[in-house]
Each structure stands twice: as C-alpha cells, then as structure tokens.
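2 protein chains.
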Amino acid sequence: MGPGPSNVSPRVLLAMARPTVGHLDPAFLELMDELADQLRELFGTANQMTIPISGTGSAGMETAFDNLLEPGDTTIIGVNGVFGQRMVSNAERAGARVLTVEAAWGEPLDVGALIEAHKSAPEARLLAVVHAETSTGVLQPLEELGAYLQDSGTLFLVDTVTSLGGVPVKVDERGIDVAYSGTQKCLSVPPGLAPITFSERAMERIGSRKEKVHSWYLDLSLIASYWGGERAYHHTAPVNALYGLHEGLRAILEEGLEARFDRHRRLGTALQNGLMKRGLELLVDEPYRLPQLTSVLVPEGVDDKVFRRQLLERFGIEIGGGLGPLAGKIWRVGLMGETCREETVTLFLGALDELLEGKS
Amino acid sequence: MGPGPSNVSPRVLLAMARPTVGHLDPAFLELMDELADQLRELFGTANQMTIPISGTGSAGMETAFDNLLEPGDTTIIGVNGVFGQRMVSNAERAGARVLTVEAAWGEPLDVGALIEAHKSAPEARLLAVVHAETSTGVLQPLEELGAYLQDSGTLFLVDTVTSLGGVPVKVDERGIDVAYSGTQKCLSVPPGLAPITFSERAMERIGSRKEKVHSWYLDLSLIASYWGGERAYHHTAPVNALYGLHEGLRAILEEGLEARFDRHRRLGTALQNGLMKRGLELLVDEPYRLPQLTSVLVPEGVDDKVFRRQLLERFGIEIGGGLGPLAGKIWRVGLMGETCREETVTLFLGALDELLEGKS
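Chain order of the listed sequences is S and C.
Start counting the first sequence at 2; every next residue gets the next number (our numbering).
Start counting the second sequence at 2; every next residue gets the next number (our numbering).
Calculated from the structure, these hints are not laboratory results.
There's no promise every hint is true.
Stated by the list, open to error - Coverage of chain C stretches by chain S, computed from C-beta distances (three or more under 8 Å per stretch; other residues unrestricted):
{"hint": "1", "segment": "51–57"}
{"hint": "2", "segment": "238–247"}
{"hint": "3", "segment": "294–307"}
What the hints assert, rightly or not - Capping the alpha-carbon separation at 25 Å, the derived lysine to any residue pairs in SDA-like fashion look like this:
{"hint": "4", "chain 1": "S", "residue 1": "Lys-213", "chain 2": "C", "residue 2": "Arg-232"}
{"hint": "5", "chain 1": "S", "residue 1": "Lys-306", "chain 2": "C", "residue 2": "Leu-30"}
{"hint": "6", "chain 1": "S", "residue 1": "Lys-330", "chain 2": "C", "residue 2": "Arg-232"}
{"hint": "7", "chain 1": "S", "residue 1": "Lys-306", "chain 2": "S", "residue 2": "Phe-316"}
{"hint": "8", "chain 1": "S", "residue 1": "Lys-330", "chain 2": "C", "residue 2": "Val-22"}
{"hint": "9", "chain 1": "S", "residue 1": "Lys-171", "chain 2": "S", "residue 2": "Asp-152"}
{"hint": "10", "chain 1": "C", "residue 1": "Lys-211", "chain 2": "S", "residue 2": "Glu-71"}
{"hint": "11", "chain 1": "S", "residue 1": "Lys-211", "chain 2": "C", "residue 2": "Arg-310"}
The beta carbon of each residue, even a glycine, is placed where N, CA and C say it ideally should be.
Whole structure, please, built from the sequences with the hints as guidance.
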C-alpha cells in the first residue's frame with residue numbers, strides 16, 4: 002500500500018518466469034507488436050510510436066525530455082511536487098531554458114498561470130505537467146491545457162506514471178503529445194519498464210533535431226528501428242520484464258478500463274472517507290484527490306517512522322512517508338491496481354485503529 | 002545458442018516470480034547488500050561502488066562514459082567490432098574528443114598501438130577496450146594495458162558484457178578502473194540489468210566533475226545515495242529483476258568461478274574442434290578465441306537465413322548472424338552460462354550435420 006511498487010498478481014509473476022527467448026525470436030517479435038497495441042489502448046491513442054522503454058518510469062521521463070529538447074530550447078514546467086522538480090532536472094540537463102510555474106505541494110497547478118506563462122514564452126518547445134503527483138496525491142486537470150496547446154507550436158508533455166491504469170489518461174482526446182508511465186503503479190507489473198507514447202508532431206520535432214540525443218540508450222530514433230518494421234538490433238530487450246507487462250496489460254484489458262477506473266474511484270473514496278471518519282486530515286482537497294494515492298497528515302503525537310515500522314512488522318503493510326517539505330508530515334497510502342481491493346481498505350483501517358488506539 | 006540472451010535456469014526464473022516488495026523494504030535492502038558483495042566476488046574487486054544499473058548492458062556502457070567524461074575530454078577507444086563502435090558513439094555524445102585504434106573485425110586490438118596512442122595523448126581521461134567482442138568472438142588481452150595505465154592519469158575502462166562469468170575478468174588484479182557487464186550472457190540471467198564497478202580513482206574523477214552528468218537516470222552520484230548508506234530514493238529499483246540476478250549469482254558462486262571458467266573452456270573447445278573437424282572455418286585465431294562465443298564462417302553455398310530459420314524451427318536452436326561487415330558471412334554460436342552444456346554442443350553439431358548434409 003505504498004506509492005508503488007503495488008502488488009503484482011500471480012499470473013503476471015508467473016509470466017515473468019517463462020523461458021527467456023531471444024530478442025529477435027519470431028514469437029517474441031509478435032509479442033512486441035501485441036504489447037504496442039495494448040499500450041495504445043491503455044493510453045487512449047492511435048500514436049504509432051507507443052512502446053515500453055527499457056528502464057523505470059524515470060527513464061521514461063528522461064526519454065521524453067532528452068529526445069524532445071535541444072540546448073537552448075525553452076520549456077515550461079509545472080512544479081508542485083518531487084516529480085515536477087525531477088522534470089526540471091531532466092530539462093536542465095538537456096540544456097534547456099526552464100520556466101517553472103509552481104504551486105504549493107498538495108495543490109494542483111493553476112491552469113491559468115500555465116497559460117499565462119505560455120503567452121509570455123510562446124516559443125516554448127514543451128509544456129510539461131505531472132498528471133498524478135506521486136509525492137502529494139494530487140490529480141492535475143489536463144483538458145483545458147491540452148485544448149489550448151493544440152493550436153500552438155508547443156508540445157504537451159504529461160507524466161502519467163501514477164495515473165495510467167488508475168484514472169482516465171486519454172492521450173488523443175486530451176491533446177497530449179507525449180506521455181510516459183511506469184509499470185509498478187496502477188498497472189501492477191514489477192518496476193523496470195516505462196510505457197511511453199509520442200504524437201506525430203512530437204516525432205516530427207525529433208526528426209528535425211540539429212544535434213544528436215545525448216543518450217544513446219534512450220535515443221528514440223535508434224529504438225524505433227528495433228520496435229518498427231526493420232527489427233534492427235539496438236539493445237537487448239528485457240525479455241522477461243516484457244512478458245510480465247504483456248500479461249499485466251492483458252489482465253487490465255480483460256477487466257476493462259472503465260471498470261478498473263470505477264474500482265479505483267470507489268475504493269479510494271472508501272479509504273478517504275474511512276480516514277476522515279477517524280478524524281484524520283487529508284492533504285488534498287476533494288476534486289483533486291487521487292483515488293489510487295491518498296496523502297493523509299500524520300496525526301499529532303504519532304511518530305511517523307515507528308508507526309510505519311509497526312504497520313509493516315505487525316500487519317505486513319507498507320505505506321510511504323512524505324518527501325521533501327512533506328517528510329515526516331504525511332503518509333502516502335496507495336490503492337493501485339492489484340492493491341486496490343476492498344479487503345485492503347478494511348485491513349488498513351483496522352490496522353490503523355489498532356495502532357492509533359489510546360494514542361490521541 | 003545465440004550471442005545472448007542465454008538460457009536461464011528454472012531457479013532464476015522462479016526467483017523472478019517472487020512477490021514484489023517495496024524498494025525500501027528492509028528485506029530488500031539486505032538483498033541489495035548481498036548483491037553488491039556477490040558482484041564484487043564475480044568482478045574480482047574490492048571496489049565499494051559495485052552495483053547493478055537499472056538497464057541492459059548498453060545502459061551500463063552509457064553509465065560509464067556519461068559519468069566519466071565531460072565535454073572536451075580526450076578518450077582513446079579500441080575498435081574491432083560493434084561494441085567498440087558503440088563506445089565511440091557514447092563517448093562522442095558525452096562531448097569527448099575520441100581517438101580510435103582500430104583492428105580488423107575478428108582480430109584483437111594491437112596493445113602496442115594502444116600504448117602508442119596513449120603516448121601521443123597522455124591527457125586522455127579514459128582508454129577503453131572490449132574484453133569479449135560479441136560481434137566477432139574475439140578475446141582481448143588486458144594485463145599489459147592494465148599494468149601500463151596504472152602509472153598514468155588515464156582510467157582503464159573495459160566492456161565485460163560477454164566475458165563476465167565466462168572467462169576470468171579480475172578487475173583489481175588487472176588494474177581495471179571501470180568495468181560494466183550485462184546479465185543475459187554468461188550470467189544466464191534475463192536481460193535488463195548491467196552490473197558495473199568503479200575504482201576509487203574513477204570515483205574521484207566523478208567527484209571532481211565540473212558539469213553535471215547528462216543523464217539524471219544514470220547519474221552515479223545520485224544512484225550511489227540509494228545503494229549506499231543513506232538509502233535515499235532515486236528511481237524505483239527493478240525489484241524482481243534484482244531477485245533474478247541475486248539468485249543467478251548465488252548459482253554461479255556455488256559452482257565456483259574456476260569450475261565455471263573450466264566448463265566454458267572445455268565445451269567451447271569441443272564445439273570449435275567439432276566445427277573444424279567438419280571442415281568449417283573459424284573467424285578468430287586460436288589464442289584470441291572466446292570459448293563462450295564462437296564465430297564460424299557460413300560455408301560456401303549455404304543460405305545464412307534459411308539455415309538459421311531451419312535450425313530454429315526444426316531443432317529449437319537460435320544462433321546469431323553476423324553484424325556490420327560480417328553480416329551474412331558468419332554465424333555466432335553462444336555457449337554461455339546455462340547454455341554451455343555437453344548436450345548443447347552435441348545437439349548443435351548433430352543438427353549442423355543434418356542440415357548441411359548433401360549441401361557441400
């Protein structure tokens with residue numbers, strides 16, 4: 002019940018234990034094609050360039066910034082948590098001029114302020130926001146930004162690490178040009194891969210680069226020749242991890258995206274209501290609360306680390322602590338993918354009652 | 002029997018199917034410490050900074066070049082195959098001035114020529130060679146280079162992707178400063194991780210950088226705070242892949258490194274003798290032949306692709322074709338880790354006899 006990795010079902014774990022075949026084996030190439038189709042359905046996109054990157058979600062982030070930015074490019078980044086800050090680090094290392102629009106940790110970014118920032122820097126190559134801030138539990142509205150940017154020359158980049166598979170992402174409908182994610186959140190697949198998708202105009206931008214991408218490993222033009230028709234060897238694909246993702250996506254599509262979002266919404270609300278009923282305070286205001294990741298203030302008089310250790314040792318439950326300015330102040334309770342079950346909510350609230358009994 | 006991924010034993014596959022725990026779980030942190038110790042034994046080093054990078058062997062290569070080079074630095078690279086070329090791409094993208102020393106594909110690099118190159122550019126930050134060239138099957142002698150460079154200010158960087166676990170690497174004894182590898186060759190663990198080790202003087206070099214490392218994901222100073230005492234979150238570790246590596250290394254150390262090298266030597270020689278006895282010609286001269294990867298010329302009148310497809314369809318055996326200038330001209334037959342068994346050699350030679358019968 003931490004902010005990821007989430008629980009992984011036996012069917013996905015067993016898929017990862019299938020015999021390793023070669024990365025150019027005909028059967029494996031078929032699985033790759035299926036995987037790309039599954040990811041398109043999950044992201045809600047027709048983008049040809051939709052693949053898993055061979056690294057964790059942070060490698061997905063780096064793939065996006067490193068391929069889309071060249072030294073001197075301007076980029077606008079919304080920062081209201083750790084992952085907004087990480088995007089800034091990535092853009093700076095790519096040599097870009099970064100304009101940030103900030104919000105308090107626990108609050109969404111002000112869409113008006115982002116649009117104002119863009120009006121003052123319409124030359125920006127990218128405008129980037131985090132859809133689901135894992136460090137705070139905030140859901141960022143995307144529709145207005147996506148619609149606004151579609152008529153500009155600026156690409157809309159969205160971090161969907163914690164949102165994909167838990168709340169609707171809808172890449173094409175919302176005018177998102179680039180989205181990346183991780184496998185270990187609402188997909189309930191072990192960490193190690195980063196699904197990513199690029200619109201045609203994002204691919205055109207990459208095609209018109211003047212300089213080579215800094216990273217050879219994450220250079221999309223090279224990776225594309227392996228995932229595309231040529232099947233040219235780039236790096237050896239992480240075969241077994243891809244088996245796991247393929248099986249995890251099959252499970253997700255069998256459940257159905259709408260049913261899955263409903264499950265997260267329903268149980269996230271149940272957990273949040275349960276916490277409030279016990280007098281605990283949530284960090285995030287209602288319309289911006291993520292169902293799959295609840296941030297709750299550590300109650301007065303409770304030792305954050307002792308509580309979390311007891312929760313792990315007595316009940317086998319891991320939750321996350323706060324990061325940055327929220328360290329020691331909040332707990333982050335995940336209900337992602339396989340972890341998002343009625344019994345998990347009940348167990349957690351019961352454990353909370355036992356551990357906090359007589360403490361306040 | 003290709004140039005990797007090699008076969009993976011059931012015990013490693015099943016280890017990867019163990020339940021995913023958090024990347025900060027106390028039990029997992031213990032496993033990380035054990036893993037680092039296992040890797041030190043395998044590399045033959047006391048280097049503190051010895052860890053698996055969260056990407057394939059190519060991510061290991063990029064970690065080495067990206068952390069050690071800054072724009073304008075000089076580096077000397079030996080090139081006698083695809084992976085020497087790949088090192089050049091990596092060094093160039095890191096902004097370095099690259100001096101290459103070349104040899105024909107299928108021959109080792111001339112150590113005298115590398116030393117001459119260093120005498121003409123003693124300011125070089127790095128001198129880099131590939132220990133076992135996966136594209137040709139050549140074993141590069143390291144001792145003389147290592148001894149020579151130890152009294153210089155130049156770091157000795159060695160690609161050990163295909164050598165580690167199959168032939169002795171001996172990082173400390175040979176004066177190697179930085180070595181990286183992959184899991185899917187002689188370690189017989191699925192692809193996805195890159196073991197890497199840095200000497201103290203390499204770490205000092207990284208500590209005295211003027212510019213940030215281009216890659217946030219592969220920035221060793223950030224990764225070090227997760228693998229070191231602080232356990233500061235950087236990126237989410239690929240938990241299940243690390244279970245697999247941990248189990249694979251346990252199997253290797255149970256067998257014993259010397260016994261493992263003997264097995265590779267003995268069966269590699271058996272395969273190579275079997276091929277020569279049948280009149281086939283090996284690409285590489287005897288003292289430089291890798292036991293774990295044999296490159297053999299495609300016999301006159303045999304269609305490379307048809308032969309390899311028949312081998313796969315009729316016998317379930319994958320071998321590699323040639324790359325670059327050797328495309329269509331050689332086959333690359335791997336006997337790595339779990340694939341390196343007496344029955345594999347016998348099966349392959351038997352299949353070869355059946356498929357080539359009446360063809361020459």
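Hints, verified against the model:
no. : hint                  : verdict
1   : 51–57                 : holds (count 3)
2   : 238–247               : holds (count 6)
3   : 294–307               : violated (count 0)
4   : S:Lys-213 - C:Arg-232 : violated, 34 Å
5   : S:Lys-306 - C:Leu-30  : holds, 17 Å
6   : S:Lys-330 - C:Arg-232 : holds, 19 Å
7   : S:Lys-306 - S:Phe-316 : holds, 15 Å
8   : S:Lys-330 - C:Val-22  : holds, 24 Å
9   : S:Lys-171 - S:Asp-152 : holds, 18 Å
10  : C:Lys-211 - S:Glu-71  : holds, 21 Å
11  : S:Lys-211 - C:Arg-310 : violated, 41 Å
Of the numbered hints stated above, those contradicted by the structure are hints 3, 4 and 11, listed in ascending order.
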